[in-house]
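Take a look at the letters that make up each chain.
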Amino acid sequence: MKTFLTAVTLSVAASGAFAAGHCAAGKTLTDGTLTIATGNPAYYPWVLNDAPEAGEGFEAAVAYALAEEMGFGADQVTWVRTSFDEAIQPGAKNFDLNMQQYSITPERDKVVDFSAPYYTAPQAVMTTQPVVEGGAAPTLESLKGLKWGVVASTTALPVVMEQIAPDASPLVYDDNANVTAAMKAGQIDAALFDLPTALFTAAVLMDNGVVLGQFDPSAAENPDQFGMLMPEGSELKACVDEALAEMTESGKLGEIEAQWLQEATGVPLIK
Amino acid sequence: MTRRAAYEAQQKRRANLIAGVSTALVLALVVFLVPLAPGWEAVRASFFNGEVFVRVFPDLLRAFVLDVAIFAWSVPLIFGLGLAIALARGNTNPALFPLRIFGAVYVDLFRGIPVVLLVYLVGFGIPGLGLARPWNSPYIWGTVALVLTYSAYIAEVLRSGIESIHASQRNAAICLGLSERDTMRYVILPQAIRRVVPANMNMLVALQKDVALLSFIGPVEILRQAGIFKSLLANFTPYVAAAVIFLCVTVPATRYADYLMNRDRDART
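Chains as they are written, first to last, in our numbering: chain Y, 1 to 271; chain X, 1001 to 1269.
Quick caveat, the hints were computed from the structure, so don't treat them as lab data. All C-beta atoms, glycine included, are put in the ideal place defined by N, C-alpha and C. Keep in mind that the hints are not guaranteed to be accurate.
Straight line, CA to CA, 30 Å or less: simulated DSSO-like cross-link-like pairs of lysine-lysine [said to hold, decoys possible]:
| hint | chain 1 | residue 1 | chain 2 | residue 2 |
| --- | --- | --- | --- | --- |
| 1 | Y | K252 | Y | K271 |
| 2 | Y | K147 | Y | K184 |
| 3 | Y | K252 | Y | K27 |
| 4 | Y | K110 | X | K1230 |
| 5 | Y | K237 | Y | K110 |
| 6 | X | K1230 | Y | K144 |
| 7 | Y | K144 | Y | K27 |
| 8 | Y | K27 | Y | K237 |
| 9 | X | K1230 | Y | K184 |
| 10 | Y | K144 | Y | K184 |
| 11 | Y | K184 | X | K1012 |
| 12 | Y | K147 | X | K1230 |
| 13 | Y | K252 | Y | K237 |
| 14 | Y | K271 | Y | K184 |
| 15 | Y | K252 | Y | K144 |
| 16 | Y | K147 | Y | K271 |
| 17 | Y | K147 | X | K1012 |
| 18 | X | K1209 | X | K1230 |
For the chain X half of the interface with chain Y, some residues (derived, Cβ under 8 Å), not all of them [as the list claims (entries may be wrong)]:
| hint | residue |
| --- | --- |
| 19 | G1128 |
| 20 | R1133 |
| 21 | N1136 |
| 22 | A1212 |
| 23 | F1216 |
| 24 | I1217 |
This is chain Y alone, in the form it adopts within the complex (with noise of 0.2 Å):
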């Protein structure tokens, strides 16, 4: 029995290495190629520069891998843009996968179909450059010290108090609009969101905003997850899930990860 368990494994595991070319065959929009959707104009550090087509950029880079590791060249793949919401409503689309950041949630789950998640959002510190210059590190020790603020209904609060215990009680606040408001008052030092909106935060809402690091992922409760976005029903969804779980298991979506999200944005992980 353990024989021909071991015999059909090395089977399917060379016919997929084999078969990488053909299990997308036929199921893309146009024969040979295939079309990826990204953002209108496509953000930082998913997209750098606003141009897939380098393949820089965290989701860019993770678009040519997962292209690669399904058989098709960096020539066939095609970039086309949509509004993020245009992609989530149901109806027919002109993409065969889109990338912008889509978390995976049941009510989407219901209209389009998601692959497996190529990325799971890390809690993230926000802090100002006056705290930074202040002595702030991106260490539990150091971040025991400052005053936090964090939204009550998120899971930031008990990552807070367990994780962190900061000497002095955190502040609590509604939303993150508010969480901005007291870091732009001075009331607060430091506050906790996912990476991608502490990212969005301190370049766009903040004047002087840090982000000064990052917790590992997998310690997250119920974290945040992204996935690939597929027209319901759509026939490539087995192909793509395979392909990633492959790029997992070979630790080239860690490489790619490390290299845009943790090196190229300089936030480091929180030890």
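Could you slot chain X onto chain Y? The hints should help.
For chain X alone, kept in the frame of chain Y given last:
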């Protein structure tokens, strides 16, 4: 006992009996009919969960101390400022007319703005101008927002009290040779303030609940603590527990206001 007294006593007994029976009937209907509703079990589990209640109650009580503290330091400020505004609006000196205008504008403005907006505006806005810690504390500026709003209300209550004192009192004081200042201080205000005590008690009960609005700008007081438990336990019982704690304070306060009102009415008739 005269025949009349006996008759009145009988009538009173009859009234008490009817009141008792009708109250018991209504209570019985509520107690027996509500649980018959098809969703009662679900409602009870998410709003009246004994286990959750016991678990969160001590923490809520601790958070309530913050409400009481904010209330305690706000009240003297509110009455001080309210009295000043009432006097500013009530002065008749032509040279001090700008003060009257100021009083009127103040009351119109701060009585007309929703408390929540003022809490945000003052709580985030003023510290945002660049104050350093600890002077940008949400406790300080949240309190300022409450004081601005409530002193406007209290000023109007006090002004109505001052105006309710008959002009003959003022005239008599002037005849006795009291200055305008002493007339206000020793004749008008003592009577006016006593007359509006019940109305002010109502304002205090309202303030006690509005203190919870400070949670919008950060402080973890009882309502926020209840909200945190709600997200944590996915259960609304913490809000019910918070309501119980609030009632323990506001019901006696309201009854006391009623008592004062009745005493005042009895004294005048």
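> Looking back at the numbered hints, which does the structure fail to meet, lowest number first?
Replying inline: 7, 11, 15, 17 and 22
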